[in-house]
Each structure stands twice: as C-alpha cells, then as structure tokens.
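Chains A and B, in that order, are what the protein sequence lines are. Numbering-wise (the working numbering), the first sequence opens with residue 1 and increments by one. Numbering-wise (the working numbering), the second sequence opens with residue 418 and increments by one.
One should not assume that every hint holds.
Said to hold, decoys possible - These stretches of chain B come out as covered by chain A in the derived footprint (C-beta under 8 Å, 3 or more residues): (1) 524 to 530; (2) 656 to 664; (3) 747 to 755; (4) 758 to 764.
Claimed, not checked - Over 10 Å on every C-beta distance to chain B, these chain A residues come out as not near it, computed from the model: (5) V10; (6) C12; (7) A19; (8) D342.
Calculated from the structure, these hints are not laboratory results. Glycine residues also receive a C-beta, built at the ideal position from the N, C-alpha and C atoms.
There are 2 protein chains.
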Amino acid sequence: MSEFFDSRWVECPDGVTVAPGDGLPQGFRAAGIACGLKESGAPDLGLLVSDAPDTVSAARFTRSGVLAAPVIVCKNRTRLDAIRVVAANSGNANAATGGRGMDEAARMQGAAAMAAGVPEDQVAVASTGVIGVQLDGRKVVSGMLAVREELRGDGHGAFGEAIRTTDKFAKSARVKVALSGGEVLITAQAKGAGMIQPSFATMLCFVQTDAALDAETADLLLGVCVKRSFDRISVDGQLSTNDTAILMASGSSGVRVATQSPDEAVFGQALDAVLRQLALLIVRDGEGSERVGRVVVRGTDPRDVERSARAVANSPLVKAALHGGDPNWGRIAQAVGLAMADRAPIDLDITIEGVPVCVRGAAVPFDEAALAERVSGTEVEYEVLLPTHGEPATAETEVFFSDLSHEYVTINAEYTT
Amino acid sequence: MSEFFDSRWVECPDGVTVAPGDGLPQGFRAAGIACGLKESGAPDLGLLVSDAPDTVSAARFTRSGVLAAPVIVCKNRTRLDAIRVVAANSGNANAATGGRGMDEAARMQGAAAMAAGVPEDQVAVASTGVIGVQLDGRKVVSGMLAVREELRGDGHGAFGEAIRTTDKFAKSARVKVALSGGEVLITAQAKGAGMIQPSFATMLCFVQTDAALDAETADLLLGVCVKRSFDRISVDGQLSTNDTAILMASGSSGVRVATQSPDEAVFGQALDAVLRQLALLIVRDGEGSERVGRVVVRGTDPRDVERSARAVANSPLVKAALHGGDPNWGRIAQAVGLAMADRAPIDLDITIEGVPVCVRGAAVPFDEAALAERVSGTEVEYEVLLPTHGEPATAETEVFFSDLSHEYVTINAEYTT
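Chain A on its own, in the form it takes in the complex (with noise of 0.2 Å):
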C-alpha cells in the first residue's frame, strides 16, 4: 500500500500506482517563488504552465456569492475549456476588493501570460489569503518574471509549496494511471485548512496530466470528481471566496482517453481516488484538526439526507466531541433535530463505528469503554438512519469533517487569516 492513500475510506484503484518524486506531466512546467505578499518571506506566487497548445481543460469555481476577483476574471475573461497557465498568489486572496481588486487580478492574468508566452484568455488566475486587502500587484508583476525563470518539469512540489496558507502541510498527489494505450501521470497540488465547506470546499487545487483528453471529458470528469470530493468536506461549515479547482490535460503523452471507453473509467477512479484523498488530507489538516470524522446519513429523501449530514459535520458540539474522543451522540440527535426542525417526531438510528447507540430515537445500552476506545483513533464513523416509515432508504450521502479543537480558536482568533 502506498502512502499517499492512508485513509480507510480512500481506496487506491486497480491500475493506478503511487509515484513519488516533483516531476510533473509532459507538457508541464511550475515553479514558484517568494514574491513579497506573505510577511514571513515563505513562497506565495506560483506559475504552472503547459507547452502544449492543444491542452484541454475544466474548472470549477466557489458558488459564494461574493466573489473574489481572480474568480471573476476566470469565469469572464478566461477560456476555461483551453487553459494553459495557471497563475496562483496565497497570502492575500483579493476578495472585497472592488474595482481595484478586479484590475489587479487582470494585470496578473496579462503578466502571467507575458511571462508564459500565451494568450492571456488561456491564463487562469486564483488566490488566496486574507480577504478585503489590496494585492500589491507591483509584487505579483514582478514576481512573475522571477517565477517564470524557475519554471521546471519538476516544479511540482514548488508550485504546491506557493499556494499554502495555514496549511500545516503540503497537500499533493503524483500518480501513475495504466491505461489501454499506455502509461499516463497525473499530479494535483491542493491547499486548504480552514474556510472549507460545501459546494464544494474552500480550497484551490490544479490537476495536471499528460493524458489525452476531450474538453467534455475533462468538465465531467472534473465535476463528479469534485462533487465526491471536495463537495463532501468542511472544516467549518464556511464557503470561500476563493474556491477555484482546475483539470489540465496537456495530452502530451499521446495517450488518448477516449469518451466513454473502459479507459475513462479507469482515469475516472484515478481522479476521483485523487481528489478524495486530497479532499481528505484537507480536512485533516483542518485548522487544528487532529481527527476526521465521517459521516453516513440514509433515508428517503435526498434533501433531508443532504441537510442532515451537513448539520452533523458543521455542529461545533459534534466536531468537540469528536476532538475529545467523546462518542456523545446525544449531540448528533440534536443536530438532525435542527436540520429537520419542525418535523418531529424524528426517530433515528445512530451507530458510531459500527456499535448501534441509538435505535428508533431512544439510547440503547453499549459497552462505552470499547466505543471510548473505537472513537479515539484518528478516522470515525458515524451513521445515521433518518425515518423511512417502511420505504425503502434509497437516498444517501456523506460528509468528512474535521474536529474542533483549541488549535482551531488560536489561529482564528490569534491571526488575520
């Protein structure tokens, strides 16, 4: 087994094997450099950028309502199913920046494209950091031109390093996919820690392969990959301004996947396999997080489903418990009585790492110091059965969160962020 894919709920798929090492795609080269927008002199300005001109592409973006600008930009002024370059900032997610914000993020996408030697409408920009804060484009401008001189076939693990902000860890991932034609790679560097949630989370994360790929293949692999992913996380229950997930395909492998092929499927595991762990990795690393927990809900009604497990994975009384190795679960009846309000009576059955605590809305007895002992490893399971009055529970779903511990008080309280 490898040890990118360390979670029980992340299998790694049959064809795909765990490559360690910083070399990216062919086709693609990244760097990334201190440009001068973080304080602590740490990296802050990436560039990724592919050779190949017909590289495909798919993206995905934060559904807040307020935007930041790179956002904006990307989504107007970019051609999301051709891009070429990614440019990425961490420590200033120019957010609430009105229309200097906008202009900023616009001469960063013409910088980058200058640097990269593209049309500036296959230039990708994002960024993240504090929001309402003016990016210093002079930094970024020049920056760009010192990032390109450091561009690399392996500047995977630079590129990664540039776009943290309180992640504790880099979040990457480099894996080898075998396919009918041929071997293919793919990379993905990802960041995220806190202001993760829904649809889907409060990160970025870029995705490279060499694979061969349609522009519809890549947008709906990317989105059902995303919505397995890192739809189904939250740290704690906020949505980014930010969030930007980004497929390239550079296709330089010569490797094609073609549309609706046992290839695709295989490609299809690999991304999701991908995206799940980074996904998982992000909530781990949640803003002090030391557990993950998983919750399962079923039922008969996709929407009381979707509510129920978002209150569960968002209530501050079940994520300190989970931080305390506390297998309370009184706290998570109350959270599907407050997903579910004004719907009583609400019986559930709870079980948490497979031991049955609750059944038909009443405690039942358990042996708590084996449960105690099951909740205090890093990975729990809770499963939760809403009422099904006898239908069949057809709908189901599930959502990683993290615990809420005193960490988490100190970084949000202590630091901007």
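Let chain A serve as the given structure and place chain B on it in line with the hints.
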C-alpha cells in the same frame, strides 16, 4: 440605571423598576433542591407552583425535529393556557430516551401534580442536561416530595439555581411594572449557555407575574417577546431538543392588563426588555464567551436578511475574530457570501462599531488602531447592508452572538454535556 439592564442594546422601559430580591409575584411559591441527578450534588430539581386557580399561561417550545420527552408531554398532555405548576430538572435532558423516557416524563408530571395538589394537565415539565441517558425517575419522584416541603414565596433564586447546567451564573430578573391599576411584579428564571440558537434559543425560561392577563394576551405577548429575544440569539448555531419558555400570570395582584389597552403596551414592553436582557445574558454566558456581538442586516428581502444574519452570527471564523478582538471584516463578507450562494455579485456595505470598512463590496481605508480599540470591548456591533438595487432597505433583522473561545472547546470536548 439598574445593574440588570446593563447592555447598550436593551433599555429599561418607562414604568419599569428593577427590584432585587427573591420574592415571587403574589400567588407563586417555588423551590429548588438537589435530588441526585447531578453527580456534583448541585441543585437539580425545581418546582414552581401558582396557588391561584385561575392562573393563565402561555408556552413556546423548541422546533427541533428531535423532541425531548418533557416537551412532548407538555404539548400532548398539558393545558398550555392554564399551567399552574412547572417541574424542571437539570442534569438530564430526557431526550432520545424513547418510550421509557416518555414514561419518566409522565411520571414526573404526575409526581409534581401530586406534590402541588394540582391536576396533572396543569403541570408543565422541563428537563435540561445530557441527551440520550435515561432519567432516573426514582430520584425525581422522591425529590418532588422533598422540594414540595421547600416551596416558598421567596423561592425565585432557589428555583433558578435548580435549572442551571453549564451556566456560569444564574439568569434571573425581577422587575416592578407600574400600570394604571397599580403595580405588578414580573419574575423570570432562565438557563442556557451552549446549544443555543434559532427558533428560538436552546434554553429554559419561566416567567411569573401577578398581573391578570387573558390567556390570549399572555400567548400573544410571549410569542412576540420570544421572537425578539430568545429567537435572536446564537451561541453555537445549535437547536436544543428541550427549549421551553412558559409565562404564567396568577392575577393575584388584582391588576388587570386589558387587551389592546395602554397597560398592555407597558406590560409588553416590560416583558420584552426582561426577555431581551435574559437572552443577552445567555449569549454572554455562551460557553466560554467573553464578548457579545450584534449583527444587524438590512436589505430588501426578509429571507436574505435573515439568512445572512444567521450566517454571520454562526460563522466560527467571525466568532473567533470577535474573540480575538480582530476587526477582520473579510470573514463577514465570506459568511454573507455563503448565505447568498449562487447570487453573485453581492456588493456589501459593512460597518463595524459605526466605522465603514467595506463599501459596495470593496475595502475602504479606516483607522485600524482606532477600530481595534473599539472591537476590544465586551459588546461589538456589526452592520451589513445587502445590495438594494435602488429599492429601499425595508427588511432588517438582528442576531446576538457569542465569541468562540478556548473555553468553548474545553467545555464541549472534555465534558459530556
């Protein structure tokens, strides 16, 4: 000025005088004892009795889909407009306890009826404490006989003590109200610190008066005042299984509050101020809370306004910033963006303590040191104006919320509450 009305957000109305002491309004007796539900040996059983046969009452309960047994008993088996007895315990919520929990709640009702010599259907029961643990009915029944012996006209404080759980201080009010026919007394005992939020807060509150009210008037006044108090606070965005608010009017003063009279307005304002101040005390006692925030949101659509205010009040990022005394308004923009997902662009105006920090979605310069000083106080006010597109901002709401502190994590991670 009084010590009770100590928030800038609640004024002591004309005709209202804070009256320290433990004397209940005429007609009422109360007591609180330790019956052994709490391991600490602290008081955990309260009994409140009106000796006036014509006592009228009104009640409001949690909207949770998962209702505690005592709430179900009250809703199904109590004449809510003619409650003469309240039996309340702390140390156990009797929630998620199934049929046995229902039996215990009914047994508690029966024991209180017997102890007070009042028909069962005029007895309300309430419980607060841990969820999912069976209530030890023997302790309650034998406790009821003991607490009955302690019933006294000055049992206001003792009854309030008996309903505390993680509350750091007792929350009670005692005010005189000058009406045209003479003076009446209002006393109230509330509890609540965690699992506090929406509609209405997770709390218990019992209010007594010797004014003579029609049942319809009592119901109307309680409904309006709860909407403006316990319904507008949030400690952690959670909704309890047990929330209960009960107003009882013995009429023993002989002073009638006629429907739609000036006296009704005066009495209503007094009740409103008392409940708002008690609600603020609950927020202030929010587990580990050190500061109270008030967010006022204005806009054109009441649903958007409500959703945005809740999102700000419940954002752990906003709450942690409040804790840290950090005027980090970007988190307010982010929270509203979450509330208004898929509605971009939402160009907000944000004002903190009267200082504009964001105008039409963009940061504006402000004196950071001066604002940091202002947000370091015990009460911080945030104002948000949603885009009005030229229409008048006729919709407005407020939510009071606590900060997120280390102690919240300690309380909720290290204890089963």
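Hint-by-hint comparison with the structure:
Coverage of the stretch 524 to 530 of chain B by chain A is violated. Counting CB-CB distances below 8 Å, 0 residues qualify, and the rule asks for three or more. With 3 residues bearing a CB less than 8 Å from a CB of chain A, the stretch 656 to 664 of chain B meets the requirement of three and the coverage assertion stands. Proximity of the stretch 747 to 755 of chain B to chain A, defined as three or more residues with a beta carbon under 8 Å from a beta carbon of that chain, is established by the 8 residues found. Look at the stretch 758 to 764 of chain B against chain A: 6 of its residues bring a Cβ nearer than 8 Å to a Cβ of that chain, three or more, so the hint holds.
With a least beta-carbon separation of about 26 Å from chain B, A:V10 lies farther than 10 Å from that chain, consistent with its non-interface assignment. Every beta carbon of chain B lies more than 10 Å from that of A:C12, the smallest distance being close to 33 Å; the non-interface claim holds. Against chain B, the non-interface label of A:A19 holds: every CB pair exceeds 10 Å, the least being about 37 Å. The claim that A:D342 lies off the interface is violated: its Cβ sits roughly 5 Å from the closest Cβ of chain B, which falls inside the 10 Å cut-off.
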